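Student: Spelled out from the first residue to the last, the chains are:
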Amino acid sequence: MDHEHDHEYMHEHGIPHSHDEHDHHGHDAAHPHMGGADHEHSHDGGHSHVHTHEHSHEHTHADGTTHTHPHEHVHDHPHGHEHTHEHAHEHGHDHGHSHGCPGAAGCNSDCKSCDMDPRAEVVALMQYMVNHNTAHANELAQLAGRLKDLGDATAFEQVMQAVSDFEKGNMRLSTVLAALNVPKA
Amino acid sequence: MCLSTVYKIEKRPENEVLKNVMLIECKGGVVTLTDIMGREERIEGEIASADLTGGTVVVRPKAIA
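Heads up: the sequence lines are chains A and B, in that order.
Going letter by letter, the first sequence gives residues 1159 to 1343 in the numbering used here.
Going letter by letter, the second sequence gives residues -14 to 50 in the numbering used here.
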């Protein structure tokens, strides 16, 4: 396939993009705990300074499901780690979810004990989608090239116009994503 | 190509294990799922089906003795 045609066409629109391989999963988001299974965290102790630590828990259900939950806790307490983690796994692994927390599949948390940052997950998904759209735009451009090779210049032009529109939309998403990634004061 | 939602036994809301799954590894009879936020779920069993256009994967857990 002659990719040169695709590239030249796409560049006419002045939309910067790469034709290199794209990292579909690249994101810099933190991986805070979401409390996927039914476990509780209670945090006790006096609080006088901010302390952050990360750790993970692994536990296995009777049905063979094993979870690992990366945690990122930010505590405001004077010394040590006086919190306890109670993991209750006597249930049948109910993944019901009704409180609207984004991406919280497998979460039975009551939210009060959940340290998940929903914004971080939305940003991570947005980043994924922008990268994914870029990959799809390139794939569509390659399909257009195949149409051209098959002698259908009209379809080639139409698909490439659609690719251009698609990339413009993705650029808008990129702009929103950039704004979302700016730390709030 | 796209993120998937993984279910146990069959595709039903109550069987959802993890969504936004970006990586599935099968090793030693264990299916390890990783979502876009790095959360992991491990299920003893095997992949029963993977609908890659629908973004749906069904895992058949190993029968519990």
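In case anyone wonders, no lab produced these hints; they're calculated from the structure.
Small disclaimer: the values here were computed from a predicted structure and weren't measured.
Note that the Cβ used here is the ideal one computed from N, Cα and C, for glycine as well.
Careful, some of the hints might be misleading.
Calculated from the model, a selection of chain A residues having no Cβ within reach of chain B, i.e. all distances over 10 Å [as the list claims (entries may be wrong)]:
1) A1278
2) H1290
3) R1304
Pulled a few chain A residues facing chain B out of the computed Cβ check, cut under 10 Å [to be verified]:
4) M1274
5) E1279
6) L1283
7) Q1285
8) Y1286
9) A1337
Student: For every hint, state whether the structure bears it out.
Tutor: Hint check:
Consistency note on A1278 (chain A): stated as away from chain B, yet its beta-carbon is not over 10 Å from all of that chain's, at 7 Å minimum. Remark: the non-interface label on H1290 (chain A) conflicts with the geometry, its nearest Cβ contact in chain B lying 7 Å away (cut-off 10 Å). The beta carbon of R1304 (chain A) is kept farther than 10 Å from every beta carbon of chain B, the shortest such distance being approximately 18 Å. The restraint placing M1274 (chain A) at the interface with chain B holds, with a minimum CB-CB distance near 8 Å, inside the 10 Å limit.
Because the closest C-beta pair between E1279 (chain A) and chain B is about 6 Å apart, less than 10 Å, the hint holds. For L1283 (chain A), the interface hint holds, the least distance from its beta-carbon to any beta-carbon of chain B being 6 Å, beneath 10 Å. The criterion of a C-beta within 10 Å of any C-beta in chain B is met by Q1285 (chain A), whose closest approach is roughly 9 Å, and the hint holds. Proximity of Y1286 (chain A) to chain B holds as hinted, the smallest CB-CB distance being about 6 Å (cut-off 10 Å).
Here the hint on A1337 (chain A) is broken, as its CB sits about 20 Å from the closest CB of chain B, past 10 Å.
Hints 1, 2 and 9, counting from the list given before, are not met by this structure.
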